[in-house]
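Colleague: Listed in order, the protein sequences are those of chains A, B and C.
Using this note's numbering, read the first sequence as starting at 465 and increasing by one per residue.
Using this note's numbering, read the second sequence as starting at 120 and increasing by one per residue.
Using this note's numbering, read the third sequence as starting at -13 and increasing by one per residue.
Where hints are given, some of them may not hold.
[Claimed, not checked] Listed next, the stretches of chain A that the computed footprint assigns to chain B, with coverage defined by at least 3 CB atoms under 8 Å from CB atoms of chain B:
1. 472 to 486
2. 507 to 518
3. 545 to 558
4. 606 to 617
5. 641 to 652
These aren't lab readings, by the way, just hints derived from the structure by calculation.
Computed from a predicted model, the values in this text were never measured in an experiment.
C-beta atoms are modelled at their ideal positions from N, C-alpha and C, and glycine is treated no differently.
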Amino acid sequence: MSGWEIFQVWLVAFLTLALFSFMYKDNPIYRIAEHIFAGLTAGYQVGLIWDTIILQQVWVPMTSGQWWVVIPGILGMLMFTRFSSKYSWVSRSSLAFVMGATAGIFLISELHGRVLPQIQDTMVSLSGEGGFGATMLSIIIVIGVISTLIYFYFSKEHKGALGVTARVGIWFIMISFGAHFGYTVMGRVSLLIGRMQFLIEDWIGSFI
Amino acid sequence: MRTSLPIAVAFISGLVLVVAFFFRDDSLIGSLRQEFIVWLTIIGGFTLLLGVVSIVRVSWTAVKRRKEGWFYKILTLLGVFAMAIPAVLPVSWSPLFGRSDGTIYDWLFNYMQSPMMSTMFATLAFYIASAAHRAFRARSAEATILLITACAIMLWRIPMGEAMLNMIPGDLPSWLNTYVMGGANMAVQRGIIIGAALGAASMSLRIILGIERMYMGKG
Amino acid sequence: MSFWERMEKLDRRWVYLAVGIAVIIPFILPTPLPISITTEAQSLFDAVEALPDGSNVMLVYDYYPSTIAECEPIAIAACHHLFRKNCKIITLSNIPYGGPSMAEKITRMMADQYGKTYGVDYVNLGYKYGYVAVLSGMGQSIESIFPADNSGTLLSELPLMDSVKNYEDIAFIFEIADNATADYWVSIVNAQYGVPIGCGGTAVMAPKFYAYISSGQFVGLLGGMRGAAEYEILINKQADAVKGMQAQSLVHLLIIGLVIFGNVGFFVTRSKQKRGAA
Chain A
465 MSGWEIFQVW LVAFLTLALF SFMYKDNPIY RIAEHIFAGL TAGYQVGLIW DTIILQQVWV
525 PMTSGQWWVV IPGILGMLMF TRFSSKYSWV SRSSLAFVMG ATAGIFLISE LHGRVLPQIQ
585 DTMVSLSGEG GFGATMLSII IVIGVISTLI YFYFSKEHKG ALGVTARVGI WFIMISFGAH
645 FGYTVMGRVS LLIGRMQFLI EDWIGSFI
Chain B
120 MRTSLPIAVA FISGLVLVVA FFFRDDSLIG SLRQEFIVWL TIIGGFTLLL GVVSIVRVSW
180 TAVKRRKEGW FYKILTLLGV FAMAIPAVLP VSWSPLFGRS DGTIYDWLFN YMQSPMMSTM
240 FATLAFYIAS AAHRAFRARS AEATILLITA CAIMLWRIPM GEAMLNMIPG DLPSWLNTYV
300 MGGANMAVQR GIIIGAALGA ASMSLRIILG IERMYMGKG
Chain C
-13 MSFWERMEKL DRRWVYLAVG IAVIIPFILP TPLPISITTE AQSLFDAVEA LPDGSNVMLV
47 YDYYPSTIAE CEPIAIAACH HLFRKNCKII TLSNIPYGGP SMAEKITRMM ADQYGKTYGV
107 DYVNLGYKYG YVAVLSGMGQ SIESIFPADN SGTLLSELPL MDSVKNYEDI AFIFEIADNA
167 TADYWVSIVN AQYGVPIGCG GTAVMAPKFY AYISSGQFVG LLGGMRGAAE YEILINKQAD
227 AVKGMQAQSL VHLLIIGLVI FGNVGFFVTR SKQKRGAA
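Pulled out of the complex, with its shape left as it was, chain A reads as follows (with noise of 0.2 Å):
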């Protein structure tokens, strides 16, 4: 390992530590790391917005004949009158030119592809045919999705067979928020690995 490389590796293993001295209590050290890792995320997102697009999508087809990009960056650029209390209503039109467009796409894809299909896949045969297992795999998908949706979208009160029904949808989702929080434990502790295995392998294992 070369010199430049040891100071990396050092450089990593002192903010990595200093984070989780948090773990610990509230100190100087912790902060420092905190403030510096703000700043260079923000940092990162004017690099990253500057090169890939005022340069790449508006500066070079601009330059190159493609005078009509100039409108989205005028737009783009009234955002900033958000930042004056006289002038800030300016921005609304780019807003809203963000907003509408973004709600044209999802209108459309949402419905065509996210409830259609979802509902769809759940129209499914119970006649047993797929034998007893597919049988009893189709029931409780059936009787799931009906549960969860009369818990948790329908507002009318939660009384006679809607508040059996929406009793079991609590159940069930009972089951399905637990195995979220199964799987949410083997992520964070997966994060939490990633780190450990950089300071044993990485940094205790460049000076031992």
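Position chains B and C relative to chain A; hints supplied.
Modeller: Okay, now just chains B and C, sitting in the frame of chain A:
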């Protein structure tokens, strides 16, 4: 003008994208749709810079007024400029400028920003363990279902736990994957997806029709 | 104060210490255990395996640096599998915090291992704002959304992109995600353009993605580090994820132990309080 122009803009941009779905890509409206999408990526890109300007303004004000913790704000500002300036300077001036491999921007990302972000999220493992110890209680039938499912899934997803589950007759790991994950869990997730998607579609319609105007703010 | 009451009020830092130790032990004393393959991981592997050699595949790095530990092993395993099959890889990211940098670093590293050439065997499109717009726009023309690659080279100067104009030229999408962008690959790209999608997601996202597996909108799924470990085994390149699963085992057992311990304490204390009240 202050309200009606944005509503008209939202209506036209939304309508073009909805209608274009039913036309061929090479039609006039198909071309207009593609142009609008490119515009959307450009205008929207600037919104990311709003956040950066905001963090610089807040930090700078704190430093100028010597507010509590102002020293840390200097570090935030240093972080912003250390990352941003070399990235926007022309590559022709130095190979260290720009965003590609071997630049200052790339180095700061690989050896500072990325490991710090990973560490920030890694600390959640400690909190989730502590929460499991303190708050995960079988206080009711529903809480018990949640708790048993969580523990079963945690066991199933690790090699050691899977070996334990395999000691019980009935192929429990496969049963958990088919009936719990692919059955009950999938059904609930599907219910949530359908509900959320219907909500998103109706909100989109409200925006296009100018009923939903919250994004305009006050004034 | 009884033992259980003391345990109820245990300083959380002891729990943190126990978790820390449980993660470290398997790195010092490794004890490999067999990892079985779920049907979801097998389906994803089979789908990639079934691609004709030299197919154009989109490898999407839709994750933040925060979930590198889960997603990077998936990305590396995917690159191994795709490059081994001589697939042409087109990478991109919808994540403004580090996505394009990670795509650049990992794909380049893996391409070097397989002797692949940039622009011919793989291309990194980088990032553009607004994932719904990007995904929707690429259906008509990739070049109009990404006029240049991540380092600013015009797409027209990259030989690979001569044959890739839109989704019609893409045989498969390998989406690696730690957030909701995966939902839009499903609702926009799969639903409207019919491109098959395989997903490597973080464990937090995996339970939701079972709905897309069932509806056939995802051909396969890798859930978190465990999913990555399964894929590493399937492609016969065992690495960080398989190694990490040993530590995962011990911490999961510790957490299950803490849950049981906490509940025993809860019931013992509650029954004592009830008896006291009576």
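Colleague: Evaluate each hint against the coordinates.
Modeller: Here is what the structure says about each hint:
no., hint, in the structure
1, 472 to 486, "holds (count 8)"
2, 507 to 518, "holds (count 12)"
3, 545 to 558, "holds (count 7)"
4, 606 to 617, "holds (count 10)"
5, 641 to 652, "holds (count 11)"
Checked against the numbered hints listed earlier, the structure breaks none of them; every hint is satisfied.
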